[in-house]
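Protein chains in written order, with full-length UniProt numbering: chain B, 1 to 107; chain Y, 1 to 107; chain R, 1 to 107; chain D, 1 to 107.
Hint data in this document are derived by calculation from the structure and do not stem from the laboratory.
Incorrect hints may have been included.
Heads up, the list lumps identical chains together, so a pair's fine if it works in one copy or across two of them.
[Claimed, not checked] List of simulated lysine to aspartate or glutamate pairs, EDC-like, C-alpha gap at most 20 Å: (1) 2 <-> 95; (2) 57 <-> 99; (3) 2 <-> 50; (4) 57 <-> 92; (5) 57 <-> 26; (6) 2 <-> 99; (7) 57 <-> 89; (8) 2 <-> 61; (9) 57 <-> 82; (10) 57 <-> 84.
This is what each chain is made of:
4 protein chains.
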Amino acid sequence: MKVILDLCVVPLGVGLSVSSYVAACERVIREAGLVSQLHAYGTNIEGEWDEVMAAVKRCHEIVHAMGAPRITTSIRLGTRTDREQTMQDKIDSVERALDRAASGPGA
Amino acid sequence: MKVILDLCVVPLGVGLSVSSYVAACERVIREAGLVSQLHAYGTNIEGEWDEVMAAVKRCHEIVHAMGAPRITTSIRLGTRTDREQTMQDKIDSVERALDRAASGPGA
Amino acid sequence: MKVILDLCVVPLGVGLSVSSYVAACERVIREAGLVSQLHAYGTNIEGEWDEVMAAVKRCHEIVHAMGAPRITTSIRLGTRTDREQTMQDKIDSVERALDRAASGPGA
Amino acid sequence: MKVILDLCVVPLGVGLSVSSYVAACERVIREAGLVSQLHAYGTNIEGEWDEVMAAVKRCHEIVHAMGAPRITTSIRLGTRTDREQTMQDKIDSVERALDRAASGPGA
């Protein structure tokens, strides 16, 4: 089962700057060989369910090991059985819908 | 690693009534022997990381098997290494903070 | 437009214990006269969109005023135009689906 | 109060293809003059709290007007009082942390 997952890991008890923890999670995801894309409020990841979830668990383990005693994470995740869809497919289909609307009913 | 997780599974392509799918997820969680509590926008679950995540995966498998071709799920999850904390502990500590505030500085 | 919203406010830079901040948000919601229900990973709130969103904003203002320099919040929110539905209605419909499944096909 | 918000709007009861609804939300956000960035599981938006929240409400109104009888939305949002931070600042600080780690302790 393929999954597209959006991950936002928030370490607590380590002050205000969380970028080093987010960067550590990025490395976990990349070293797992997963396709991913960082954005301003999380990271998109795509891959097989078990591999993606193993990376999420590894992020928690690493962030605790870096000294964060508490972590709160928010995740969105999607699966579908009707067809394969990549992260890029999702963005492309919204971009196409924007183009269609821009060209209007007379186009 | 213990986790407290808040799960909201949304099947797409099955119309407006999603309660039978949510109920199927409830059964998955209960049959896994996990402590859980349903609320109006999801379900709180507590347990060992791997057991809780296996239940989340099983929810996706079951909801697809019930006929939903697409699922989008939102999750919050927390881990901590400083101390053990149950779902009830979390609610109790907020309730105590509410009581302290209600009794005021003169109490 | 009515909304059912699930709110989880996380103050950063204030250490590990966040219950006093969550309790302050609870008071904001109650003082706004909104129907709400605390759970282990957030609070369900129902009401008119503008009133609920004003309470969410007030939570951020109060938590900053209590000394948290940074807040990250996660929200789920639902609106529907086909019929009115309360938080209790949502729970009841899942409970009924669980009962139907338990009584089985022979019932 | 400035906010960085990550928005994921999910229309229910309209089948499996939701890109036209997501595109309509993109137009709402752009027409509001807000800085935004689409990703594979949502859209990052930055701006003044009231303007961003007005756009979120307008998204729900438009998606209902397009024929979706039910919408479930997930949001992450962050505010901070210690300093100004844009979406690009957040990405840059993670990228810098990745570079520091790559160059290693001897750099």
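So, going through the hints one by one against the coordinates:
{"no.": "1", "hint": "2 <-> 95", "result": "neither (23 Å within a copy, 27 Å between copies)"}
{"no.": "2", "hint": "57 <-> 99", "result": "neither (39 Å within a copy, 23 Å between copies)"}
{"no.": "3", "hint": "2 <-> 50", "result": "both (9 Å within a copy, 19 Å between copies)"}
{"no.": "4", "hint": "57 <-> 92", "result": "neither (30 Å within a copy, 25 Å between copies)"}
{"no.": "5", "hint": "57 <-> 26", "result": "within (13 Å within a copy, 23 Å between copies)"}
{"no.": "6", "hint": "2 <-> 99", "result": "neither (28 Å within a copy, 30 Å between copies)"}
{"no.": "7", "hint": "57 <-> 89", "result": "neither (26 Å within a copy, 23 Å between copies)"}
{"no.": "8", "hint": "2 <-> 61", "result": "between (23 Å within a copy, 12 Å between copies)"}
{"no.": "9", "hint": "57 <-> 82", "result": "between (28 Å within a copy, 18 Å between copies)"}
{"no.": "10", "hint": "57 <-> 84", "result": "between (25 Å within a copy, 18 Å between copies)"}
When each numbered hint is compared with the structure, violations occur for hints 1, 2, 4, 6, 7.
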